[in-house]
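**Student:** One letter stands for each residue in the lines below.
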Amino acid sequence: DTAVSQTPKYLVTQMGNDKSIKCEQNLGHDTMYWYKQDSKKFLKIMFSYNNKELIINETVPNRFSPKSPDKAHLNLHINSLELGDSAVYFCASSPRDAGANVLTFGAGSRLTVL
Amino acid sequence: GNSVTQMEGPVTLSEEAFLTINCTYTATGYPSLFWYVQYPGEGLQLLLKATKADDKGSNKGFEATYRKETTSFHLEKGSVQVSDSAVYFCALKKPPLGQNFVFGPGTRLSVLP
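Sequence lines, in order, name chains H and P.
Positions 1 to 114 (the working numbering) are the ones given, in order, by the first sequence.
Positions 1001 to 1113 (the working numbering) are the ones given, in order, by the second sequence.
Hints are not guaranteed to be accurate.
Straight-line C-alpha distance at most 27 Å; calculated DSSO-like pairs for lysine-lysine [stated by the list, open to error]: (1) H:Lys44 to P:Lys1068; (2) H:Lys36 to H:Lys67; (3) H:Lys40 to P:Lys1094; (4) H:Lys40 to H:Lys52; (5) H:Lys36 to P:Lys1094.
Ranges of calculated distance between the beta carbons of each label pair, as one might list FRET restraints [what the hints assert, rightly or not]: (6) H:Lys67 to P:Gly1078: 42 to 48 Å; (7) H:Arg96 to P:Asp1054: 47 to 53 Å; (8) P:Lys1052 to H:Arg96: 17 to 23 Å; (9) H:Ser20 to P:Glu1076: 37 to 43 Å; (10) P:Gly1009 to H:Leu83: 33 to 39 Å.
No lab work stands behind these hints: they were computed from the structure.
For every residue, glycine included, the Cβ atom is placed at its ideal position computed from N, Cα and C.
The whole structure should be built from the sequences, with the hints applied where relevant.
**Tutor:** Okay, structure coming up:
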């Protein structure tokens, strides 16, 4: 059973389109995240939700909108896609703060904007 | 703010060579420290962690010691294998509140047979 699963794994689309990436975790974790990894492998936090509540919202264009229908799901919707949005997007989850809890990552969703 | 600095890669070694990847951090208080590894085409996986000064994290032959006096958490392995080829990320997290992990830029390791 995959702990953190993302779909789709690959997404190729044209500039200006709207697309969504879905994420689900079956670990019972309270907190979920979206990270963006650029072509140089640099990893940047975008959003974090704790039990459906937004708790981290880094400087991200408002074309990016996360949605958490329940604590096991965190989806990412992107409007009006731009070339610079091309990256690998990782979903992750962690238990609620209790010492040095750790992140469990999904396999990533590679978005290519043409 | 909190930040993590890693040695720039790529690092290329021959099989059985000794590995060191340097990591230093800036943070107020007492963060927990982590090394994550990303194999080609996969997500990041936890490699090891340390939660307080002088703790040593270890896994799969890798080790790192939490050095508060030098604010460092260098990753070492005595004898690398081809299968260790991956990108390695150093990271920190501030307890007890706050959900944000801060990652370093990653160091790509290539091990040649």
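**Student:** Would you mind marking each hint as holding or not holding in the structure?
**Tutor:** Status of the hints after comparison with the structure:
1. H:Lys44 to P:Lys1068: holds, 25 Å
2. H:Lys36 to H:Lys67: Status holds; Cα separation ~16 Å.
3. H:Lys40 to P:Lys1094: holds, 26 Å
4. H:Lys40 to H:Lys52: Measuring from Cα to Cα gives roughly 31 Å; hence the hint is violated.
5. H:Lys36 to P:Lys1094: Answer holds: H:Lys36 to P:Lys1094 is near 21 Å, not above 27 Å.
6. H:Lys67 to P:Gly1078: 42 to 48 Å: Given a distance of about 47 Å, which is inside 42 to 48 Å, the answer is holds.
7. H:Arg96 to P:Asp1054: 47 to 53 Å: Distance hint for H:Arg96, P:Asp1054 is violated at roughly 27 Å.
8. P:Lys1052 to H:Arg96: 17 to 23 Å: holds, 20 Å
9. H:Ser20 to P:Glu1076: 37 to 43 Å: holds, 42 Å
10. P:Gly1009 to H:Leu83: 33 to 39 Å: violated, 26 Å
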